[in-house]
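S.K.: Listed below are the residues making up each chain.
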Amino acid sequence: MFDITKIRADFPILNETVNEQPLVYLDSAATSQKPQAVINALSRFYSHENANVHRGRHTLSENATRQYEHTRTLLADYFSVKNNEIVWTKGATESINLIANGLASRLNPGDKIALSAIEHHANIVPWQQLAQRTGAEVIILPIENDLTINSVHCSEFIKQQKPKIVAITHASNTLGNITDLAPIISACKAINAISVIDGAQAAMHLRPNLQEISCDFYVFSAHKMLGPTGLGGLYGRFELLNSLDVYQTGGEMIETVNLTHSTFRDAPGKFEAGTPNIAGVIAFTEAINYLTSLDFQQMRQHEHTVFDYAIKQLSAIDGINIYSNQIHNIGNISFNYRDEHPFDLATLLDGFGVAVRSGHHCTQPIMSHLGIPGTVRASFALYNTKADVDAFISAVKSSIELLD
Amino acid sequence: MNSAFEAVSKNIETAAGWQQKYRQIMLLGKQLPVMPEVLKVDDALVKGCESKVWLYIDFDHTENSLVLAGDSDTRIVKGLLALILALYNGLTPEQATQINAYDEFERLGLISHLSPSRGNGIKAMVDKIQTMAEQKQ
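Those protein sequence lines, which keep their order, are chains A and B. When we follow the numbering used here, the leftmost residue of the first sequence carries the number 1, and every step to the right adds one. When we follow the numbering used here, the leftmost residue of the second sequence carries the number 1001, and every step to the right adds one.
One thing to keep in mind: the hints can contain errors.
Derived list of chain B stretches under chain A, where covered just means 3 residues or more per stretch with a C-beta under 8 Å from a C-beta of chain A [unchecked claim]:
1) 1091 to 1100
2) 1124 to 1137
EDC-like mimics (lysine to aspartate or glutamate), calculated; alpha carbons at most 16 Å apart, straight line [what the hints assert, rightly or not]:
3) K1021/B <-> E401/A
4) K1021/B <-> D350/A
5) K1030/B <-> D404/A
6) K1052/B <-> E340/A
Note that these hints are calculated values from the structure, not bench results. Bear in mind the structure is a predicted one, so any value in this text is a computation, not a measurement. Where a beta carbon is used, it is the ideal one built from N, C-alpha and C, also for glycine.
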């Protein structure tokens, strides 16, 4: 069963005080907090187990290699894919860059790359750069007035425009809105477009079965899944992944090197040049184990109950505008109070110990669409409670009093 | 320290608790003279801030003094900006270089707003004014 008291006790930071107030952490969309097991694993690795991987025949190196590869297998199971389809990177941003660069040689002038209008800058800029280099063109998938993605409209658009690549988020970082991927992926398949899904926000909340989703690529960041910072990765359908041009070259990723020519290992090895984030990968084991020790339905139910409660309480405050979809949402609420600047509200909330984010959240096109400088974003995770919502709402009300 | 700054900072210094402090800061922002739109040029926009912050710096050669104007689209940054302007406006370059904005903000319990990580542009503004003052000395 989903024991929230026990869960909260597993995250030591939740007992911190900030500005002499108990911390109310509502910024998990920026980075999730870490359970004690992950923190311990980092310390244990450096204290007792530190060695490089994939070299050296000594015991520590072999143990480190075994643990490093074990995490890959665990994550592959988490996503219901094969372990040679998981590549470690330093985060979702690097993953998208790796894919975009790897696809460069198969794009011709005039080819189209389709993106949605609500993507994170990390899923916009690498494609713009790729388009510039190859003469391809970035096109934007249709978006509804309320900033939701209508999969049927998108599918029709994809079938008409026939882009070579479709890059779209599984859940918006700013809004939390969940994309209904199935119709979009089948439209991609119908025209042989390569589908790249930004799973940075959804990977923890939705525990996606990538075999079912059946996309070509799916990128994620470990630190948004209870894991350490500086680590992320991607899933790639093996034949396609293995056929990508390599992104970075150097040690570890090669098979043979002579002074004029080198051959590369098969995926995922050829995409992991240099010494990887070994401690991060090994500690990530504990994050994956933590997530999978929770029953998925119960976890989602809990998250949804807290989210729903927050939406209801926040909507009841006069003058609050909520921009997020209130039903299909991973747990991110973007809002403003009247025409007050989000910076002011977020600064005052911080005074009450409530950690939220304000700004454009790396999604400037959304802000242009809404005609606002930014939003306040409260983002929830499995360790948040209705009591957090109560503290948040009370802080919002007190902050508004200060602003009025 | 100049009397204009003394006058505006008194209410912040004596505010009971952080909420009252912010209230006073926002009040200061409200009282800031309107910055003429013609001065809100790109060059006056302080880069890298979450909020829009303009700082216009000029030098009055006949009076040998700094002429400052500013604005922000947020209440809190505008109030902090008002404090900075009160601190430096009308000073000679020699007087301005004697001022340590960090000490003053520390005394008012606002030092965290001068931290580079805050991204509110206050630190950038102070640096810009100090550079100007040093050049004109």
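S.K.: Does each hint fit the structure? Answer for all of them.
M.R.: To see whether the hints hold, each was checked on the structure:
A count of 0 residues in the region 1091 to 1100 of chain B with a Cβ less than 8 Å from any Cβ of chain A is obtained; the coverage claim is therefore unmet, three being the minimum. Using a Cβ-Cβ cut-off of 8 Å, 0 residues of the region 1124 to 1137 of chain B lie near chain A, which falls short of the minimum of three, so the contact claim is violated. For the hint linking K1021/B to E401/A, the alpha-carbon distance of about 14 Å falls within 16 Å, and the restraint holds. Pair hint K1021/B plus D350/A holds up; C-alpha atoms about 14 Å apart against a cutoff of 16 Å.
About 12 Å separates the Cα atoms of K1030/B and D404/A, which keeps this hinted pair within 16 Å; it holds. Of the supplied pair hints, the one linking K1052/B and E340/A holds, its CA atoms being roughly 13 Å apart against a limit of 16 Å.
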